[in-house]
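> Listed below are the residues making up each chain.
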Amino acid sequence: MFRCAHPGTSNNTFSIFYNNMDIQPYLDSFPLPAKRGILSDINKEKTEKSVQEAMKDPEAVASQIVKRLIDPGAEGNDIQARHLLHTMAVRIPDHGRKVKGNKRAKFSLVLAKALSEDHPDRVKAFVIRQLQICGGEEVVPLIGAFLVVAGIADDAAQALIAIGKGSSEQFRKALPKVKNNSILYRNVLHGLAELADESSKEFFLEAIVNKDDECRLLGLWGLTQIGDSSTLESFLKADQNEKGFSRIKAASYCLKFAEKVKKKDADKIYRHLQKTRTLPEEKYLQQIAVSNL
Amino acid sequence: MKSNRRKFIKASVASAASFQIVPRHVIGGQGHTPPSETYGAALIGCGGRGPGTYEGMVRDLPSKLVAACDVQKSRVDGYIRRKNPEAKAYNDFRKLLENPDVDLVAIATPPHWHALISIAAAEAGKDVLCEKPMTRFIAEGRAVVEAFERYKRVFQIGTFGRFGASRSRTSRTIHKIMRSGLLNPNPGVHIKKGGLKLHNWSGKPGLKPQIPSEDLDWDLYCGPSPFKPYVSPRVGGTHRNYWDYEGGGMCDMGQHHFDPQQWIYGKDDTSPVTIEAFAPPSHPDVTGMWAWVELTYADGFTFVMDSAEWGPGYERKAAKQVSLSQLSEENQEKIKAMPDPEPLLTFGEAVKQRKQAGGNPEAAHRAACLLHLANLAIRLGRKLQYDPNKEQFVGDEEANRFVNVPMRSPWHL
Numbered sequence: 001m002f003r004c005a006h007p008g009t010s011n012n013t014f015s016i017f018y019n020n021m022d023i024q025p026y027l028d029s030f031p032l033p034a035k036r037g038i039l040s041d042i043n044k045e046k047t048e049k050s051v052q053e054a055m056k057d058p059e060a061v062a063s064q065i066v067k068r069l070i071d072p073g074a075e076g077n078d079i080q081a082r083h084l085l086h087t088m089a090v091r092i093p094d095h096g097r098k099v100k101g102n103k104r105a106k107f108s109l110v111l112a113k114a115l116s117e118d119h120p121d122r123v124k125a126f127v128i129r130q131l132q133i134c135g136g137e138e139v140v141p142l143i144g145a146f147l148v149v150a151g152i153a154d155d156a157a158q159a160l161i162a163i164g165k166g167s168s169e170q171f172r173k174a175l176p177k178v179k180n181n182s183i184l185y186r187n188v189l190h191g192l193a194e195l196a197d198e199s200s201k202e203f204f205l206e207a208i209v210n211k212d213d214e215c216r217l218l219g220l221w222g223l224t225q226i227g228d229s230s231t232l233e234s235f236l237k238a239d240q241n242e243k244g245f246s247r248i249k250a251a252s253y254c255l256k257f258a259e260k261v262k263k264k265d266a267d268k269i270y271r272h273l274q275k276t277r278t279l280p281e282e283k284y285l286q287q288i289a290v291s292n293l
Numbered sequence: 001m002k003s004n005r006r007k008f009i010k011a012s013v014a015s016a017a018s019f020q021i022v023p024r025h026v027i028g029g030q031g032h033t034p035p036s037e038t039y040g041a042a043l044i045g046c047g048g049r050g051p052g053t054y055e056g057m058v059r060d061l062p063s064k065l066v067a068a069c070d071v072q073k074s075r076v077d078g079y080i081r082r083k084n085p086e087a088k089a090y091n092d093f094r095k096l097l098e099n100p101d102v103d104l105v106a107i108a109t110p111p112h113w114h115a116l117i118s119i120a121a122a123e124a125g126k127d128v129l130c131e132k133p134m135t136r137f138i139a140e141g142r143a144v145v146e147a148f149e150r151y152k153r154v155f156q157i158g159t160f161g162r163f164g165a166s167r168s169r170t171s172r173t174i175h176k177i178m179r180s181g182l183l184n185p186n187p188g189v190h191i192k193k194g195g196l197k198l199h200n201w202s203g204k205p206g207l208k209p210q211i212p213s214e215d216l217d218w219d220l221y222c223g224p225s226p227f228k229p230y231v232s233p234r235v236g237g238t239h240r241n242y243w244d245y246e247g248g249g250m251c252d253m254g255q256h257h258f259d260p261q262q263w264i265y266g267k268d269d270t271s272p273v274t275i276e277a278f279a280p281p282s283h284p285d286v287t288g289m290w291a292w293v294e295l296t297y298a299d300g301f302t303f304v305m306d307s308a309e310w311g312p313g314y315e316r317k318a319a320k321q322v323s324l325s326q327l328s329e330e331n332q333e334k335i336k337a338m339p340d341p342e343p344l345l346t347f348g349e350a351v352k353q354r355k356q357a358g359g360n361p362e363a364a365h366r367a368a369c370l371l372h373l374a375n376l377a378i379r380l381g382r383k384l385q386y387d388p389n390k391e392q393f394v395g396d397e398e399a400n401r402f403v404n405v406p407m408r409s410p411w412h413l
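Here the protein sequences line up with chains A and B, keeping their order.
Under this note's numbering, the first residue of the first sequence is numbered 1, with each subsequent residue one higher.
Under this note's numbering, the first residue of the second sequence is numbered 1, with each subsequent residue one higher.
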């Protein structure tokens, strides 16, 4: 089994603190696969009661559940543990809105700090996916540390994009560290573009002249997302060099860019499309450009 | 979300029945089929429903299969061998969409690819017939609507019940009553009892990872969804049982049932405002059990899904059909004086006339939303308030994370 140490600082204080809690009764109320391997024997009353009990001390329960998670290829099963942890992650935001003490943030921090413990990568990915549901700004740096870890970086990126607030900074910090790894680099560019991070203009401008097709497209998309007219010249110049599907995609970014800027700049984009999309199979793009002028 | 979404939705609906653009094959030119000849057609996703979806697309159109694509090489090769050995085989849909001979694209991949491929096809100037359910989450549907509006391409969802419904006199009358707004509050309750295949399309959790066959591009199969260890039920019809790709029997069968009902009840351009479910906690990976879901629109009209396969039956409201008798005599006369709705165009008619099809993007998206909203009420375990204009949950930031689920790089809407 491949294990990966947390790239940030280790902190096991939480797990030691919560070591004595017995969560087995909660887990037992969740079903194991019944006939045909599905969870058809689930009992709403029993599971809801367990969740209610678990929500009385969600941090302690979370800390214990994480220890029950196993690598998908390992002996045994963690079906009930995953089910309970996910249920808590899904419900803690609403619970947190009804009780005092910012339960959601505390629960999320326990999960995020568990990422520094010695767990298999796929367990960490699962925990990060629960943070995608319930985490807030408080867990962003702890997830951000995984943007440089192959195999978990895409899970981390998706969680950060979902959380939004404070996430751009994590992507920007990771970018210089992943430039030599095209998969991680694309992942970071994608995050910055998805978040429409205006501070990443230079990163996108750099990406649009990259040798890698995907990087160039992500750069064009990033510039489209921020819709800054000052980048338009570089954007249109890069668009002209694309071929095949990238050319189709680049044209779509042109149209979206045009929808975000003032008429004068939009017209510039439409005229550019009119001038450059001259292949017979591109007549539909000519028509769209003309109809928008 | 764009600030002008409400305006955009309004404009999309208004233009759905009226847009006109000359297609590439009418223009003709090098590499293009003139109208007197045949349409170049393609299938993306050659397993299971694929061949049927393709035949549904070309039913009324002179056409020829010119290309097919599947992430599993043996499947696309087998399909082409049977259908037209001269057609080109692809494993990556992006390469197929570069092909200028392709005018029409049938999409029969698992639903986590439906929106992205539909959008890319529109961007490549193709018309699309896409299998149901239209999408995996709500924001995908809005992006499809915007793309087909932007590119003026034809889209038809792969379910056709609304065409029959729109020919029924009773259904047309209900449609007119609903669209008139004269019945407010609206007492109508439509209950779908059973038929949503809970047990058939529930997943098996905890399976041990396997090695995918050599001719399956597992990375491309996962695409925008999380990259998870391969287990065989994730591919093939049982993909329905995973939240990563679809939404169980609710999504698989739901669009068939609710797409025509949505037309009958005049809700093609809106969505419910409250959604409540009776269901046990949902598993993170696989679809499972639920008892019922109640979805109520702003005017009071209610759709109910009663699984009839697990838990208590739905008893809150009785089914109630909307009818003329619920209106005053004066309003009944107004309804009778209203013209019938425009006949819905089939995909073939829409392609020929360059108008939008009956199962157009906005309507298909709203029908898919019913299923996504229902599944989210099941998965989140709380009553949800939804704004059908902003397409966001009200006061529930975490629920909104399920409206627009981040995709795996490099995929995005």
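If you're looking for bench data, these hints aren't it; they were derived computationally from the structure.
Predicted model only: the values in this text are computed from it and were never measured.
Glycine included, every Cβ here is placed at the ideal spot set by N, Cα and C.
Incorrect hints may have been included.
Stated by the list, open to error - No farther apart than 20 Å at their CA atoms in a straight line, the calculated lysine to aspartate or glutamate pairs in the EDC-like style are these:
id: 1; chain 1: B; residue 1: Lys355; chain 2: B; residue 2: Asp269
id: 2; chain 1: A; residue 1: Lys179; chain 2: A; residue 2: Glu169
id: 3; chain 1: A; residue 1: Lys283; chain 2: B; residue 2: Glu149
id: 4; chain 1: B; residue 1: Lys228; chain 2: A; residue 2: Glu169
id: 5; chain 1: B; residue 1: Lys208; chain 2: A; residue 2: Glu169
Unchecked claim - The following label-pair restraints were derived from C-beta to C-beta distances:
id: 6; chain 1: A; residue 1: Lys106; chain 2: B; residue 2: Glu276; range: 50 to 60 Å
id: 7; chain 1: A; residue 1: Gln52; chain 2: B; residue 2: Arg316; range: 49 to 59 Å
id: 8; chain 1: A; residue 1: Asp213; chain 2: B; residue 2: Ala319; range: 48 to 58 Å
id: 9; chain 1: B; residue 1: Asp340; chain 2: A; residue 2: Lys243; range: 18 to 28 Å
Said to hold, decoys possible - Stretch-level coverage of chain B by chain A, calculated; a stretch enters the list once three of its residues show a Cβ under 8 Å from a Cβ in chain A:
id: 10; stretch: 80–90
id: 11; stretch: 95–102
> Among the hints numbered above, which are violated by the structure, and what are their numbers in rising order?
Hint check: 4, 5, 6, 7, 9, 10 fail, others pass.
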